[in-house]
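Student: What follows is the residue order along each chain.
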Amino acid sequence: MDEIVNNKDSGAEESTSRRTFLLRLAVFLNAIAIALFAIPVIGYVLSPARRIEWLRWIPIGNLSDFPENETRLAEYVNPFRKPWDGETSKIPCWVRRESGDNFTIFAINCTHLGCPVRWFAESGLFMCPCHGGVYYADGREASGPPPRPLYRYQHKVEAGRLWVRAGELPTLGQPQA
Amino acid sequence: MPLRDWTKAIGDWFELRLGLSSTLSEVAAHPVPRSSASWWYVFGSATFVIFIMQIVTGICLATVYTPSAEGAWSSLIYLNYTQPLGWYLRALHGWGSDFMVGLMFVHMAQVYLFGAYKYPRELTWVAGCVLLLCTLGMAFTGQVLRFDQDAYWGLGIGASIVGRFPFVGFKLVHLILGGPIIAAETLSRFFALHVFVIPGILIGFVALHLFLVLKLGINEYPMPGRIVTREHYLQDYERTVTGDGEPFFPFAAQKDMVFAGIIILALLVVAAISGPFGPNGQPDPTIIKTVPRPDFFFLWLFAVFALLPPWSETFLMLVGPPIVIALLFALPFISGTGEKSWRRRPISVVIVILAFTTIGTLTWLGTFSPWSPKMEAWSEAPTPVDYVKGRTPLELQGAILIQSKQCRNCHALGGEGGMRGPALDDVATRLTPDQIVRQIIQGGGNMPAYGKNLSPAEVNAIVAFLNTMHPRSELGARNSVKPEQPISDVDSHHSPAQ
Ligand code: FES
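So the protein sequences, as listed, match chains A and B. Just add 53 to wherever you are in the first sequence, counting from 1, and you've got the numbering used here. Just add 112 to wherever you are in the second sequence, counting from 1, and you've got the numbering used here.
Source of the hints: derived by calculation from the structure; they are not laboratory data. There's no promise every hint is true.
Each pair of labels, with its calculated beta carbon distance range [what the hints assert, rightly or not]: (1) A/E140 <-> B/G563: 35 to 45 angstroms; (2) A/G96 <-> B/A378: 42 to 52 angstroms; (3) B/V309 <-> A/P112: 35 to 45 angstroms; (4) B/F468 <-> A/V94: 50 to 60 angstroms.
Listed next, the stretches of chain B that the computed footprint assigns to chain A, with coverage defined by at least 3 CB atoms under 8 angstroms from CB atoms of chain A [unchecked claim]: (5) 283–294; (6) 399–409.
Source: prediction; values computed, not measured. Even for Gly, the Cβ is constructed at its ideal location relative to N, Cα and C.
Chain B with its partners taken away, still in its complex shape (with noise of 0.2 angstroms):
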């Protein structure tokens, strides 16, 4: 027998058991709206498809790692250097991860522009809030599996938000911790979220995604003043496909997979390019010269940790998200019906461009943190050497005690330093010496007192060299004071030592 008939032989075999051909073939063909066939549809199926190239590359970095404290460091290493393209699977499975999470926004937004939230398909979008939900919780496990110190500070970030619950927080750490503190049932447990049990949920809610998908057909592109009613759309949805209908293979599945075909190259050179994540340092707490930071999609979440007032923190932090969470699930069933296209829905443009710019701008800030001090500022940025040439022997023992008393972890001068407090090169202009040495003694404004630290021979020493910190052409601030007056006698008035 050919080839060609033996094929068909088993075809027939299976098909006779099976009869999933006119189901399949029933799924492709299945009419869809001539006008849904848009480049704009095409971010949930290429969400899908990175979520199964996660799936591979998840399986097969599981038969390499170990999920135990005391060895997912060493064999992440391992990956990394020792096993054959471990390091690329690694690579691929973590921007993989960002590839997902970022076409999930995408596609989501799309969806909520194009009204295609609305009755019928508002039980769509809630499995999407789900797949949402779990594709957040398995970048942040994953984030955890990856156990270096970001891992290990990252649990502890997360235990301290649990914590702040009222009445339950410590006993909500033990759960989330698996024990009293982070140690080796902490990542068992993120190891089994990972990888069995929010999978599963994914797995589950997606197929429910796309069932419904199927059953209640694609969205038709919105046309402003195609009002959604619950009494016509259904009808009006049957008469689009049947009269102005395509089949979904190829006609609109074709752009799906040009688009998908390119995310994939793209994510397989990014990989290539850029390599694995980390793992940083050790998971040794006791190394403390560590500055954790979140993977990049939760760099805006870190900012806003450190600039949300601290008095409505906590309230915020345990509020705020389930709040905006339930909202998400609630669209639909707030706005189920009406206008669909974005043209005519002003608000919800302004919303998505909120959200959009707000994130974006968190996670810019995010990235260079400016509101941290740069903890070895003080030992190695070096002071620039014209705000030291010609200086006196006090103002050069200013400009060394601004170094040694950790001025510069906050105070930039020459561009480099912590970017917490103003930066220093200007300061003589903005602060009078008498206001510097309040400044300085007091602190205030987000500053420390820095009183009982410093002698007044070292604060005399500071305000001499930071009196220069003004440009040539400028004059340093004083004291209004009677014209006739020599402004040098107000200086030396205050820092006698000048």
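Isolated chain A (complex conformation) (with noise of 0.2 angstroms):
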């Protein structure tokens, strides 16, 4: 009788720890195969930001589409274009000649947050449509939002060509704007 009730409650014991160590082992396998599907979905989502260097050299124009003591709308391509990026591949800037080589370029971007500054030659003013910011013709900030002048481009002569360095949207974040 004693024998039995002992065999009846090794049983018992042996089917308990069984038990738990289903479970334990479930619930280990799952976290390890969480965390390894959650891994490449995060990477996946997170890709954007992990990438540090975004500027490429672009060619933007000939020396001569920018005359002398002028500021001149131009354009360049998108360095990581896409086929169904559309229009949107498509980054104006602003290009000031002020003699020789020698060339100031702004981004389109105001540096409030962000709207397309238009350049008018007759006062010689950068002017945002968003929030009344305005800029000298050298960048400046001359009254409005605006925190800091206008962002500019690395840029270079090569071959009669202009280069600028780009490719991405400049914003109070960037170190290197």
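Can you join these two chains into the complex? Each is in its own frame, and there are hints to help.
Tutor: Right under this line is the structure:
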């Protein structure tokens, strides 16, 4: 009788421990599975933020396109263009040629909140249509909310062509702008 | 078998398997406080009804809309002009979003004023706050899917705000745009958000919100002096619904249904009369002759961005919204018990009035944005005839310069032109010629300095013209001088050409 009871007890114990083992195994396996699933998903979603270097040298026009002492609207093609970008792959910017190879190239985006600034040659001002930001011809802020001068692109003149280093939307958080 | 029996047989077949009818009739018949069958209580259900309509029209639009940066705009044009009734479904969806946001805010104000968020309905309020954020998220992402110039530059604005976060700003920008710049991935991302992610969350939280309303019962109409306490509220409510309760259907539901019906009809009519929203110009960033404006429900934010003092801006943009949102979520935990009636809660009444008047005023300002230069005024706005009649050649020269130097973009003449700076119609009564010269050359008070862009002769001409800008009955401003010295001497001293 005693023996039988003991047997029963040990059997119950065994099955409980087997059950807890199975449950632990299930939790463990699924934790691993979820992690392995999550890593590629999160990596996929976050991928645009992982890359640091987005700037490229892009030709923007011949020197002769830009008369001296004038500020002209120019456009370049997004270096990371995809066929289904449509019109959004064209990016405008303002090219100011002081003299000879002396250029200043401004981003189109207002430093306040990114609206497209417009150049007015007669008064020598850039005006922003959104919140009334105004900049002088050299990009310094003249009035309104902009917190800093217009963003500038790096540029170079090579073989009679003007090149800009661009490809990224300039914002205040961007280190190099 | 007659039709009646057929329907009954089919009904019974399902009932045997699903067993839903008892639950449904329980839900329909659950008692609600007699006082809660009020016309004040109809806004939540109306918001819900509009949401269902948004799902229907949204799915329909998705069958034609092309979620690619290349094709989105043309598919909208196709919807507007070629797809039969495409224009109407777009109108319903666009106006539906405005209706939904509007009703949601009214519902929220009502819940707040009637203390319905108090114990034990805190979680219902929290779920409602999630719904608020999701609905605004839908409104913004929806505006992006209408992929036109406003959408393009609106994305730029969103990115520029996020870009102001210290350290991680530009990473967040890339994350939101799906790349370094607004392009194909950006639209695809917002499409995924607008049709999968946010609606999924919305449906989940709507379910929770409704479940809680059923579980905890509809808030009784608050009586001044009836205090909510954790100890007694549940028993009190129980007593109210058993003693003085009525079945939810049809007693309370009929008012909901009447109001929802009116709202649906109103939406159908408004959409038919006003038509779809845009799309405006195509999303080509090189077309910079554009004046980007947000949709109606973000106009107030647009105004805030224009009017915040620049030094406080980054801080308020990044810290303000989280604080407001946190306060909203925390509300039932801050004042979860006590007086429910707005008659005894003057501060909450003031808060609601302030919130609505502030947002209303900012929205109104946003519709004509006095802070923005009118980009075409210099070439388009005529000079009033009275202002050129009988003027000297020099003064006329000045009148032309006022146009060609874009002064009118910020300064109105005869009610036309920008409102960024003061109107110039009576500027001579406010500034002496001296002061005008100084203001033009040095700028200041939000006016750029024109010193480099005007020759002395041009300044002279402008001042000569502006100096005539005073009513016939009122002299121009002048320096204080000895009375015997004739005024013309002073004038000619400063603008010798006159
Ligand atoms: S975006 Fe230019 S002033 Fe705000």
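Student: It remains to establish, for every hint, whether it holds in the given structure.
Tutor: Outcome of the hint check:
Hint check: A/E140 to B/G563, Cβ distance near 40 angstroms, so the stated range 35 to 45 angstroms holds. Range check, A/G96 to B/A378: Cβ separation about 48 angstroms, and the 42 to 52 angstroms hint holds. Between B/V309 and A/P112 the beta carbon distance is about 39 angstroms. The supplied range of 35 to 45 angstroms therefore holds. The supplied range of 50 to 60 angstroms is broken by B/F468 and A/V94, whose beta-carbon atoms lie about 42 angstroms from each other.
Coverage of a stretch by a chain is defined here by at least three residues with a beta carbon nearer than 8 angstroms to that chain's beta carbons; for the stretch 283–294 of chain B and chain A the count is 11, and the condition holds. Figure legend: the stretch 399–409 of chain B, annotated as covered by chain A; annotation consistent (5 residues with Cβ-Cβ distances under 8 angstroms, at least 3 required).
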